[in-house]
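*Asks:* Take the given structure of chain A and dock chain B to it, following the hints.
Protein chains: 2
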Amino acid sequence: MAFDKVSRADDYSKWYNNLVENADLAQHSSVRGCMVIKPYGYAIWEKMQAELDRRFKETGHENAYFPLFVPKSLFEAEEKNAEGFAKECAVVTHYRLENDPENPGKLRVDPKAKLEEELVVRPTSEAIIWNTYKGWIQSYRDLPILVNQWANVVRWEMRTRLFLRTAEFLWQEGHTAHATKEEAFEETNQMIQVYAEFAKTVLAIPTIMGTKTESERFAGADETLCIEGLMQDGKALQMGTSHFLGQNFAKAFDVKFTNKEGKLDYVWATSWGVSTRLMGALIMTHSDDEGLVLPPNIAPIQVVIVPIYRGLEQLEQISTTIKPMIDKLKKRGISVKYDQRDTHKPGFKFAEWELKGVPIRMAIGPRDIENGTVEVARRDTKEKQILNLIDIDHKIEHLLSAMQEEIYLNALNFRDNHITLVNTWDEFVDVLENKTGFVAAHWDGTAETEDKIKELTKASIRCIPLNNPKEKGTCILSGKPSRERALFAKAY
Amino acid sequence: MAFDKVSRADDYSKWYNNLVENADLAQHSSVRGCMVIKPYGYAIWEKMQAELDRRFKETGHENAYFPLFVPKSLFEAEEKNAEGFAKECAVVTHYRLENDPENPGKLRVDPKAKLEEELVVRPTSEAIIWNTYKGWIQSYRDLPILVNQWANVVRWEMRTRLFLRTAEFLWQEGHTAHATKEEAFEETNQMIQVYAEFAKTVLAIPTIMGTKTESERFAGADETLCIEGLMQDGKALQMGTSHFLGQNFAKAFDVKFTNKEGKLDYVWATSWGVSTRLMGALIMTHSDDEGLVLPPNIAPIQVVIVPIYRGLEQLEQISTTIKPMIDKLKKRGISVKYDQRDTHKPGFKFAEWELKGVPIRMAIGPRDIENGTVEVARRDTKEKQILNLIDIDHKIEHLLSAMQEEIYLNALNFRDNHITLVNTWDEFVDVLENKTGFVAAHWDGTAETEDKIKELTKASIRCIPLNNPKEKGTCILSGKPSRERALFAKAY
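Protein sequences appear in the order of chains A and B. Counting in the numbering used here, the first sequence tops out at residue 1251, every number present. Counting in the numbering used here, the second sequence tops out at residue 1251, every number present.
Simulated from the structure, these hints should not be mistaken for laboratory data. In this text, all values refer to a predicted model and were calculated from it rather than measured experimentally. Hints are not guaranteed to be accurate.
Stated by the list, open to error - In the DSS-like style, the derived pairs of lysine-lysine whose C-alpha atoms are separated by at most 25 Å in a straight line are:
(1) Lys1108/B - Lys816/A
(2) Lys1089/A - Lys816/B
(3) Lys1082/A - Lys816/B
(4) Lys1217/A - Lys773/A
Next comes chain A alone, as it looks inside the complex (with noise of 0.2 Å):
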């Protein structure tokens, strides 16, 4: 394993760049700022795309699927959204290349094939897909419309960094349309609590839900709730975000519908999206200096066994033994894998399972054949104990559930220690910039300190947190009064 190995405490991001490229996750590509998910990474996202596409079924919702194009003159109806993303977009306006008659065995685009309009590849799909809902919509019969879209986007980031902020990402996005403003903000809030209830079950990442001020709303939302995660590095990371859209789309895509009165109105609209960037904060979550910590509920693998052997016999004997055991684990919904490549040694396969973050590792070897017995190692703590193959299955599955639960309270409680009360300027520099984390204070409710905040110690508000008590207070910057706090935290 060339693992070029750095600390958290030594190197934060370099950390993590190691990390993601060295446990096979994903690794930059020839293209600027487009990453290759390599197949390990990928298995775990197929994990998070099952768990998720479930759950929006199980609310009502379908999948569909839309355009990668958007001609220009749509995707600049709506303005805000368009102003939103007009400066990081790729554009298609060739569809044709030819031979280059300078260059032999060069390419080069055909000018004579240039496009009447130019296409965007989509950075999101509002505008592609109210133009289509115009033609689903008539009565209130046709509503409400509640479809999710798995796909890839491209915004074109300057700066990009493999998960976080990459110009290509997988997403999902769904796009719902509605009678009411009520029916509408009930599916934004919905949505919100079904990827905090994912993060939490699933990743067993803690998340804090809010609302976002009006300067980090998603352009062209009335209303973006988010949940928020806490890094272990003390930055936030936002995980995911549910956007109520008003009628801002129907009436930029004139889509109107009679309601049970018998009167026109403009359809009620929401978006909501979580994307390839949650894999980042799996891994700044959970992951320590010897590589990647997964939860039961996201690994790909849950359980590896090494065989400890000399000699072809040896490990017959092991594999014969373990086939049971296997096999039971399996029935169980366990997923198994049994590691016998004879071209590596037991300790480079400890550490590779190690660096990918399989969270119980099992060796096995001619004493534990005689004795009746496995050795047990967890990833999480790195604790180890040999256990009896009497309904080593049984006992498996409980220390799996067991590492969950204890995996995310200690994400939650390294969270919980990370919210700080602060009541004064000096002290909100001082906590962002010795404690971290998030940082609980009194704002007087303008975008220009927001953003002076912002500009003088690079923290932004997070959110609003729903259930936020309302507590009088004084601006830390601007001594201005204040109703409520709102969170700050140096962000991804």
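*Replies:* Same frame as chain A, now just chain B:
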């Protein structure tokens, strides 16, 4: 239902288009040549994906994800491949829009944001993937690489048809790397078998497996295997391909490995794919003038239940009676929809589910409740029967299996009746024009004759079947000697 009814006999092409749109499978979008896959159509595609993905994993493959964009310099590296796709690719030349000073509220391409190197939107991913594999492969220990990708691709087709030929489509593309030619060829063969088995078992479509002629081969392949289906109008449809790429891409991207003997050699490659085109094949193989006919194994809804009632009390009585039946059907893994919409009459519902191809429709009214029976209608044969509710789940399960087999047998019978052996040019032309279907005829093996036949009859060589008998003869056009028959047809 505003179903503009056209029969297959009257206008097959219009019948197809109407069916796709009216059964809510897909529709044209505002983007030239790009389609919207609607929820019902996408649900069928999701079932295809799940069935294929399981088969890929069972044969040792893993999923991964590679960039949407291919830099022009990589795209042109494998010359034949580049030549094959250069004339139909979307090209990104800019990465930003700006406000158009001449048209307030409008955007235009920002000339300052021109890319140094143009990016091709992938028409297929060999180039970007082999450029990546170069970094993954040093020794035979790194082989084989068995990777698949689910993705969207873009080919700028001038004449598009929903599902059959669209500028953007969804597909999977397997890309494997091997140490030996034999192993790569074995993989090529294995995957076409996987496709054929899937087509038969899940889609109930019989296919002919064969080898493409040189002129019909994938650009960059040494050999292309394919499965060909036969549509009801007697035209063939290529449903899947598996390519033996030799060392062409390894040479273009300089991907060498140290073999077991310690010598450097180029890596051997395959690629294989099926796409949303399979939706077209599914529709055109089984459907009738009333709409879609879905084999049970691919139907998102296998059983629909329509209550026949007057007043809420009757509806409630029916709902209560059938609740245990619905539960029992679901327990057997059968997908059931209970259509209790009060906005539509039973007749409307019958027509809608018929149009959407749901295999079994149950109707249940007060008299059925009294008698302990239900009316069961098959979509394929339109037969109706009254069944006793005792063990109804068991009966439905068997009926679905029987329907799956019968639908396949019907398609097989039609296909086999449309393979005609001919020995003269006149016969050849006559069969193509009047009987239609596949024509097995002797061909001299030259691209020249192949082209001429296509020009004269619009029929192409679909494949040389894998199990083709070696049989000497004379070419139907040139009269030159031939060693075996080729399978001709007009095709989509």
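*Asks:* Looking at the structure, which of the earlier hints fail to hold?
*Replies:* none
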